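**Q** Residues per chain are reported as follows:
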Amino acid sequence: MMTWRDGVRLAFHGMVSNKLRTLLTMLGVIIGVAAVIVLVAMGQGASSLVTSRIETLGTNVIFVSPAGGTPFPVSEATVIARALPFPTIVVPEMNTGATVSTLTASGGAQVVGTTPAYIHIGAVSLAAGHFLTPLEMTQDQPVAVLGANQVQTLFGGSNPVGASVMIMGQQFRVIGALNRVGQGPGASQDKDIFIPMTLAQSLLSTTQLSQITVKTPSPDQANLAADYLTNLYTNTFGSANAVTIASEDQVLQTLQATRATFTHLLAGTAAIALIVGGIGIMNIMLVSVTERTREIGIRQALGATREDILLQFLLESMAMSLSGGSVGAILGVGLVHLVPVLWKTPAVFSPNALILAFVFSTAVGLGFGLYPAIKASGLDPIQALRYEG
Amino acid sequence: MIRMVGVAKVYPMGSEISPILEDVTLHVPQGMLAAIIGPSGSGKTTLLNLIGGLDTPTQGQYFLNGQDVSHFSREQWAHERNRTIGFVFQSFQLIPALSARDNVALPLVYRGVAPKVRRAQADQALEHVGLGHRRDHRPSQLSGGQQQRVAIARALIGDPALLLADEPTGNLDQATGQEILALLQTLNRAGKTVVIVTHSAEVAHACRQVIQMQDGHLVRVAQEMERV
Ligand SMILES: Nc1ncnc2c1ncn2[C@@H]1O[C@H](COP(=O)(O)OP(=O)(O)OP(=O)(O)O)[C@@H](O)[C@H]1O
Ligand SMILES: [Mg+2]
Numbered sequence: 022m023m024t025w026r027d028g029v030r031l032a033f034h035g036m037v038s039n040k041l042r043t044l045l046t047m048l049g050v051i052i053g054v055a056a057v058i059v060l061v062a063m064g065q066g067a068s069s070l071v072t073s074r075i076e077t078l079g080t081n082v083i084f085v086s087p088a089g090g091t092p093f094p095v096s097e098a099t100v101i102a103r104a105l106p107f108p109t110i111v112v113p114e115m116n117t118g119a120t121v122s123t124l125t126a127s128g129g130a131q132v133v134g135t136t137p138a139y140i141h142i143g144a145v146s147l148a149a150g151h152f153l154t155p156l157e158m159t160q161d162q163p164v165a166v167l168g169a170n171q172v173q174t175l176f177g178g179s180n181p182v183g184a185s186v187m188i189m190g191q192q193f194r195v196i197g198a199l200n201r202v203g204q205g206p207g208a209s210q211d212k213d214i215f216i217p218m219t220l221a222q223s224l225l226s227t228t229q230l231s232q233i234t235v236k237t238p239s240p241d242q243a244n245l246a247a248d249y250l251t252n253l254y255t256n257t258f259g260s261a262n263a264v265t266i267a268s269e270d271q272v273l274q275t276l277q278a279t280r281a282t283f284t285h286l287l288a289g290t291a292a293i294a295l296i297v298g299g300i301g302i303m304n305i306m307l308v309s310v311t312e313r314t315r316e317i318g319i320r321q322a323l324g325a326t327r328e329d330i331l332l333q334f335l336l337e338s339m340a341m342s343l344s345g346g347s348v349g350a351i352l353g354v355g356l357v358h359l360v361p362v363l364w365k366t367p368a369v370f371s372p373n374a375l376i377l378a379f380v381f382s383t384a385v386g387l388g389f390g391l392y393p394a395i396k397a398s399g400l401d402p403i404q405a406l407r408y409e410g
Numbered sequence: 049m050i051r052m053v054g055v056a057k058v059y060p061m062g063s064e065i066s067p068i069l070e071d072v073t074l075h076v077p078q079g080m081l082a083a084i085i086g087p088s089g090s091g092k093t094t095l096l097n098l099i100g101g102l103d104t105p106t107q108g109q110y111f112l113n114g115q116d117v118s119h120f121s122r123e124q125w126a127h128e129r130n131r132t133i134g135f136v137f138q139s140f141q142l143i144p145a146l147s148a149r150d151n152v153a154l155p156l157v158y159r160g161v162a163p164k165v166r167r168a169q170a171d172q173a174l175e176h177v178g179l180g181h182r183r184d185h186r187p188s189q190l191s192g193g194q195q196q197r198v199a200i201a202r203a204l205i206g207d208p209a210l211l212l213a214d215e216p217t218g219n220l221d222q223a224t225g226q227e228i229l230a231l232l233q234t235l236n237r238a239g240k241t242v243v244i245v246t247h248s249a250e251v252a253h254a255c256r257q258v259i260q261m262q263d264g265h266l267v268r269v270a271q272e273m274e275r276v
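Line order of the protein sequences matches chains A and B. Sequential numbering from 22 applies to the first sequence in the numbering used here. Sequential numbering from 49 applies to the second sequence in the numbering used here.
Read the hints as simulated data drawn from the structure, not as lab findings. Bear in mind that the values here come from a model prediction, so they are computed numbers and not experimental data. Glycine residues also receive a C-beta, built at the ideal position from the N, C-alpha and C atoms. The reader is advised that the hints may include incorrect statements.
[Unchecked claim] Which stretches of chain A does chain B cover? Using the computed rule of at least three CB atoms under 8 Å from a CB of chain B, they are: (1) 228-237; (2) 401-408.
[To be verified] From chain A, some residues computed to sit far from chain B (all C-beta separations above 10 Å): (3) Thr24; (4) His151; (5) Gly203.
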């Protein structure tokens with residue numbers, strides 16, 4: 022019986038005896054393992070954003086939005102505020118896409134008509150200036166607060182407070198700039214421009230809201246508020262389905278679940294790549310067994326047992342897939358650090374992905390190496406010695 | 049050393065079965081230098097493969113060193129070959145990717161001998177066959193006679209009691225063949241039982257027991273005394 026050390030030595034000897042072929046074969050595993058690590062990291066990155074959103078926004082926020090053709094006038098905000106038996110911040114919003122410009126730049130924006138209370142929801146924070154004030158509201162002043170992307174595209178990142186922008190043909194004065202929210206799972210406010218709601222009504226010539234955000238003092242009250250509002254709209258429209266009532270929590274949970282599915286999908290894709298790599302290994306090992314038929318016969322004649330031959334070829338396929346796995350892991354970890362720089366999407370490296378990749382490549386080496394190894398060990402010594410290759 | 053009683057070997061060839069060996073009864077005592085001769089296709093190689101356990105008899109009994117090995121499994125034979133049998137083939141059967149030294153050391157790999165010890169013993173065995181200076185050469189860098197000597201060194205390294213050689217001089221010129229024969233004779237004098245399959249009258253003449261095969265039958269066993 023051959024020792025394990027000799028088995029491993031033999032496996033590496035077999036590997037380096039045909040370097041180019043080994044490298045090409047390993048490529049499948051390298052790509053597969055790198056893909057597992059990178060794609061899982063990207064999935065995790067997306068999930069971590071969801072988590073951080075929950076943390077900043079809290080879970081005491083609910084959203085009410087019209088479903089289908091339900092009328093949802095501005096006055097609804099007052100209806101909602103009155104319906105709830107505890108103090109809440111009720112913020113109406115009407116949104117539209119529009120072209121905005123300065124003298125030197127222009128671009129697309131999401132114009133949001135809202136009330137001063139918007140800032141208290143906690144979804145955004147000010148980088149400079151101030152948010153809409155009640156006075157500006159009542160006086161219908163043409164003032165605007167810019168999201169971080171708008172500051173970048175319209176003003177090249179410099180402080181825009183005091184400058185003016187053209188929104189749908191009307192001039193607005195910039196009173197504030199927001200901090201970057203980042204590419205979140207929900208809508209990002211970075212492309213938004215906030216203007217007084219009263220002004221938005223005349224500018225967009227509508228009184229229909231796109232959403233009302235309700236913030237309650239505690240998460241429990243948010244659930245209670247959701248129940249109250251469901252009742253309210255069932256009584257008003259005869260069906261709770263006329264509006265969509267969702268707590269921030271729910272929205273994010275749903276997104277989280279979507280992200281998880283996405284991660285699994287990515288991991289699955291990567292796993293397929295690994296399996297394809299495994300088939301490559303099997304293919305080459307079968308070729309190798311055929312090429313070395315005579316060698317196998319010689320070894321058998323000199324006292325190699327079935328196990329010895331099995332071990333020799335199994336260790337060789339494992340050496341190949343594990344070497345490929347190691348190279349793939351290094352490549353993958355490198356790419357994880359490159360992804361945020363290249364594509365501006367977050368990627369969170371997880372050691373679990375590394376473990377997964379190693380377990381996978383070991384399994385691939387074992388699984389796809391087994392058949393060729395069994396084939397080799399089952400050769401008849403006389404036939405093998407006579408083989409003309 | 050080798051005792052066979054009524055041994056037969058049959059290969060299933062499609063529907064008909066063709067006996068390759070029939071009713072072979074044979075005794076090769078320990079320390080013998082024996083030759084197996086006979087026309088091509090008479091079953092010499094088949095008999096040698098049976099003796100070495102590369103093949104198993106369909107029928108009959110085989111005792112090796114007093115032990116009944118008729119029903120040995122492949123694993124048992126692998127161990128037996130590794131410990132007590134050394135093979136020398138007509139076509140050398142060296143592994144092309146390995147150096148002479150690594151080829152020679154191969155039987156020790158399957159005994160679990162440490163690399164250092166293996167190397168030292170392989171060098172010694174190569175020295176023994178006069179190839180100490182060629183130990184790092186690949187088989188393709190060696191002449192036929194040198195390759196056969198490497199193969200003999202490999203057969204020797206495990207210090208087996210029995211050496212089996214299938215036409216060891218068949219692929220060599222006469223002078224080189226004589227060298228190989230002399231080497232095998234020396235080994236026999238040192239106490240090893242040697243069985244040589246050969247077409248060469250010269251080789252057969254040098255042996256003390258001649259086993260003659262014909263159409264799968266053992267037709268004659270000549271001992272030295274009778275031939276003198
Ligand atoms: N695996 C096999 N299947 C079927 N027939 C076989 C097989 N191996 C050998 N034979 C047949 O057995 C017979 C004896 O073969 P063997 O190789 O023993 O002859 P030999 O005496 O060694 O001949 P040579 O001197 O040419 O080497 C031949 O007719 C051969 O065709
Ligand atoms: Mg023959």
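**Q** Give a verdict on every hint.
**A** Do the hints match the structure? See the list:
1. 228-237: violated (count 0)
2. 401-408: The restraint on the region 401-408 of chain A holds, since 3 of its residues have a Cβ under 8 Å from chain B and three suffice.
3. Thr24: 5 Å, violated
4. His151: 79 Å, holds
5. Gly203: Given that every Cβ of chain B is farther than 10 Å from that of glycine 203 of chain A, nearest at about 58 Å, it holds.
Violated hints, listed in ascending order, are 1 and 3; each of the other numbered hints is respected by the structure.
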